[in-house]
Each structure stands twice: as structure tokens, then as C-alpha cells.
Amino acid sequence: MLVNDANEKGAGAFGRGEAGNGPIIPKSANEALRPEKVPQPPRRSRKAKSQVVIFLNFVMTVVVCLTVAAAATVYYAMTAYEAEGPLTANKNFIVRNGAGIQEIAGSLERNGVVSDGRVFRFMSEAYLDDDTLKAGEYEIKAGASMQEVMQLLKSGKSILYSVSLPEGLTVKQMFNKLRSDPVLEGELTTELPAEGTLRPDTYKFSRGTKRAEIVAQMAAAQKALVDQIWERRNPDLPISSRDEFVTLASIVEKETGIADERSRVASVFINRLEKNMRLQSDPTIIYGIFGGDGKPADRPILRSDLDKQTPYNTYLIKGLPPTPIANPGRAALEAVANPSRTSDLYFVADGTGGHVFAATLDEHNNNVRRWRKLEAEKAAAGAAKTTEPAPVQE
Numbered sequence: 004m005l006v007n008d009a010n011e012k013g014a015g016a017f018g019r020g021e022a023g024n025g026p027i028i029p030k031s032a033n034e035a036l037r038p039e040k041v042p043q044p045p046r047r048s049r050k051a052k053s054q055v056v057i058f059l060n061f062v063m064t065v066v067v068c069l070t071v072a073a074a075a076t077v078y079y080a081m082t083a084y085e086a087e088g089p090l091t092a093n094k095n096f097i098v099r100n101g102a103g104i105q106e107i108a109g110s111l112e113r114n115g116v117v118s119d120g121r122v123f124r125f126m127s128e129a130y131l132d133d134d135t136l137k138a139g140e141y142e143i144k145a146g147a148s149m150q151e152v153m154q155l156l157k158s159g160k161s162i163l164y165s166v167s168l169p170e171g172l173t174v175k176q177m178f179n180k181l182r183s184d185p186v187l188e189g190e191l192t193t194e195l196p197a198e199g200t201l202r203p204d205t206y207k208f209s210r211g212t213k214r215a216e217i218v219a220q221m222a223a224a225q226k227a228l229v230d231q232i233w234e235r236r237n238p239d240l241p242i243s244s245r246d247e248f249v250t251l252a253s254i255v256e257k258e259t260g261i262a263d264e265r266s267r268v269a270s271v272f273i274n275r276l277e278k279n280m281r282l283q284s285d286p287t288i289i290y291g292i293f294g295g296d297g298k299p300a301d302r303p304i305l306r307s308d309l310d311k312q313t314p315y316n317t318y319l320i321k322g323l324p325p326t327p328i329a330n331p332g333r334a335a336l337e338a339v340a341n342p343s344r345t346s347d348l349y350f351v352a353d354g355t356g357g358h359v360f361a362a363t364l365d366e367h368n369n370n371v372r373r374w375r376k377l378e379a380e381k382a383a384a385g386a387a388k389t390t391e392p393a394p395v396q397e
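Residue numbers (my numbering): 4 to 397.
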């Protein structure tokens, strides 16, 4: 085969002329195996070689990566924040006074209420803005999401407990009930408030409430109640001050617990005050002897008690005792402010839990004899019952 000399010198591309479009010109074996010359890449411009451009490109790359990572993190946090929580049963959770969101978030995670304390803190801070999570004890529902937990702690709707302080208790007895409550906190003062200044009621509170806070509520509530009812009193009452008003209401409170009787019992004492008669109220004797501790349940009133000299013995003193003998409730206060209009001067137990009233001493003595007869019959029936022989067992 003939070989073109010019082709041997590399004058043209393999098989063709220099223009690449001529007739096919064969190459020698050596030349065909020789690698063709690769074209050089284009030179980078001076602008592209600038360190500033390189740095800006790096910064842009970092920004893009961070933005993508941040978006992914936020998406994950939002999804986790709204997802069902890990609790499988309702759980009580306590937020202590002064606890910050970091402490609360960590405690929630440790107690298994939320799956990730960091997510709870990050997302809650975004939602709360200027609001806070409130102290208290909360019932977290099973499966509650982090968002639902945050909303509950933000609302302050904590578990409420209650302490009931019935009408007719003394201040000392009320303090004893408050001290024995296992949920309330803090100590009470050794100096007791004045008798009659605390309102009997049922008070609701959350865990962490101080006993002194309940006392303050009771005092404020009683003052407001007494002022309100005192302003609506019968102007003809033989009572000159709020203190006397509360004192008489406390006697009515201790004399009867039957709602329908209170205004009539109040009328008896009002009529006696108007006639300058002694009140002769057994509860005042008890207070004079036992004070705020109250009479033991198994201790009867003895005949000798009627003769004991105390400032509260209304069998011996005229008018009202120096202070209330208990804390009266609304019904007793209203009964004294607007008592029934009667001529009654006496009352005695009727043997059924209520009282029978009388306008004259003779009528009253008949009622007393009737009551004593009922008591004797009741005692005899009780004694007979205890002495009955036991049934024979076959």
C-alpha cells in the first residue's frame, strides 16, 4: 500500500487532509498508534482567579447549606412538636414556682412527657412570645403533643384541690384543718385572727398554695360578706355595730343547723335583747369553758356549767358576749340582719333535730317537760336494747 509522505509527517488528520474533509489518506501503523494531541482547556480569566470571588463562592455555598439545614431542622421540630407524645397514660406533672422554660423542658423529658426537651424549649419559646409557663400541678393526657403540653402549662389550668371549712367552726378549729391538709404549704401564724372574721366555705387551690393565702382569702371574703349584709339589715335591730352583728350571728349559727329555723331563732334573741333579758344560750357557755378548741363530743353540758363565771356565760351576763363564739356563714348573718317577726322568747329541742318555740314561760316549760319525756323514753329504749338476750343459735 502506498503512503503519502506528507501524511507521514503529520500534515493531516488520519484518513483525511488537513481540513478533515479531503480524501481518506491512510497512515502508517506507528502514526496511527500515536495519541492525538488533546486541545488545552480555555484559560481562566483573571476575575475568576480573584481570592474575593473564591471566598464569596464559598460563603454562598455555606449559606445555601445552612439554609437547607435550618429549614430541615425547623420542619423536623415543627413535626415533632405537633406529633403525638410518648405518654401512654395520664400523668401529673408539677411546675415549681420560679422554674424557667429550660428547667421545665428538661423535667418534661426526664418524666417521659415529651420526647425531646430541646425541641419543646425551642418551639415553645417561639410560641410563647412574652407569655410564660405557669407554676402548678397539671394532669397531662396520654398522647398529648408538645404543643398541647405547652398550651396547658401556659393556661395555668392546674389541678385544683379543695378544703372545706363548715359554718360554726372557731378560728382555731379552722387553722387546725388548714394545718392538716397535705397539699397546702407553709406555716400559719401562732397569733390567731379575731373570732368571726373568717368566712366558712369550700376553698379551691392548686398545689404549692400557701396556707396563709387561704387565710387571707377567708378574711377578705368574710369582711365583704358582713359589709354587704349589714348594709341591708333591718334598721330597727337592737344592734349598734358590725361586731355585735357578727357575735349574734355566731350564736344563731351554733344554736341550729336547720335553715328554716335560723331566722326564728334570731328573732328569739332579738326579742330578748329588746326586753333586756339574758340570752341564756348554751353554746356561749361552752365557748366560755373550752374556748376555740370546742367541747369534746362525749362531754355533756353539766348543771354546774351554768354557774361558771366566764365573760361568755349568757345565763349570768346580760346582753351579748364580748366576741363571736364561732365563724358564722351567710345564712346565719342574713337571719340576724332580717329576723322573723315573732313574739317568741324561748325555744327548746323537740327531740327530732329541730326546736319548738314559745312566747311564754309556761308554754316553754311544757315544751321542756315534753322534751325530757322524749329523752327519757329514748334512753330507756336504748338501755332495753343493750340488755336484750342474744338470740339462741341452733
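Since the hints were derived computationally from the structure, they do not count as laboratory data.
Predicted, not measured: the structure shown is a model, and the values here were computed from it.
There may be inaccurate statements among the hints.
Simulated restraints on C-beta separations [as the list claims (entries may be wrong)]: (1) Gly356 / Arg113: 55 to 61 Å; (2) Gln220 / Tyr130: 28 to 34 Å; (3) Arg372 / Ile261: 20 to 26 Å; (4) Ile261 / Arg99: 24 to 30 Å; (5) Glu216 / Lys160: 40 to 46 Å; (6) Arg113 / Val62: 39 to 45 Å.
Don't be surprised by glycine CBs; every beta carbon is placed ideally from N, CA and C.
| task | Evaluate the given range 20 to 26 Å for the C-beta pair formed by arginine 372 and isoleucine 261. | result | holds (23 Å)
| task | Return holds or violated for the Cβ distance of isoleucine 261 and arginine 99 against the range 24 to 30 Å. | result | violated (46 Å)
| query | So the hint says 55 to 61 Å: do the beta-carbon atoms of glycine 356 and arginine 113 match that? | reply | holds (56 Å)
| query | Taking the beta carbons of glutamine 220 and tyrosine 130, is their distance inside 28 to 34 Å? | reply | Given a distance of about 33 Å, which is inside 28 to 34 Å, the answer is holds.
| query | Does the Cβ-Cβ separation between arginine 113 and valine 62 fall within 39 to 45 Å? | reply | holds (41 Å)
| So the hint says 40 to 46 Å: do the beta-carbon atoms of glutamate 216 and lysine 160 match that? | Violated, since glutamate 216 and lysine 160 (Cβ atoms, about 18 Å apart) do not stay within the stated range.
Going through the hint list in order, the structure does not satisfy hints 4, 5.
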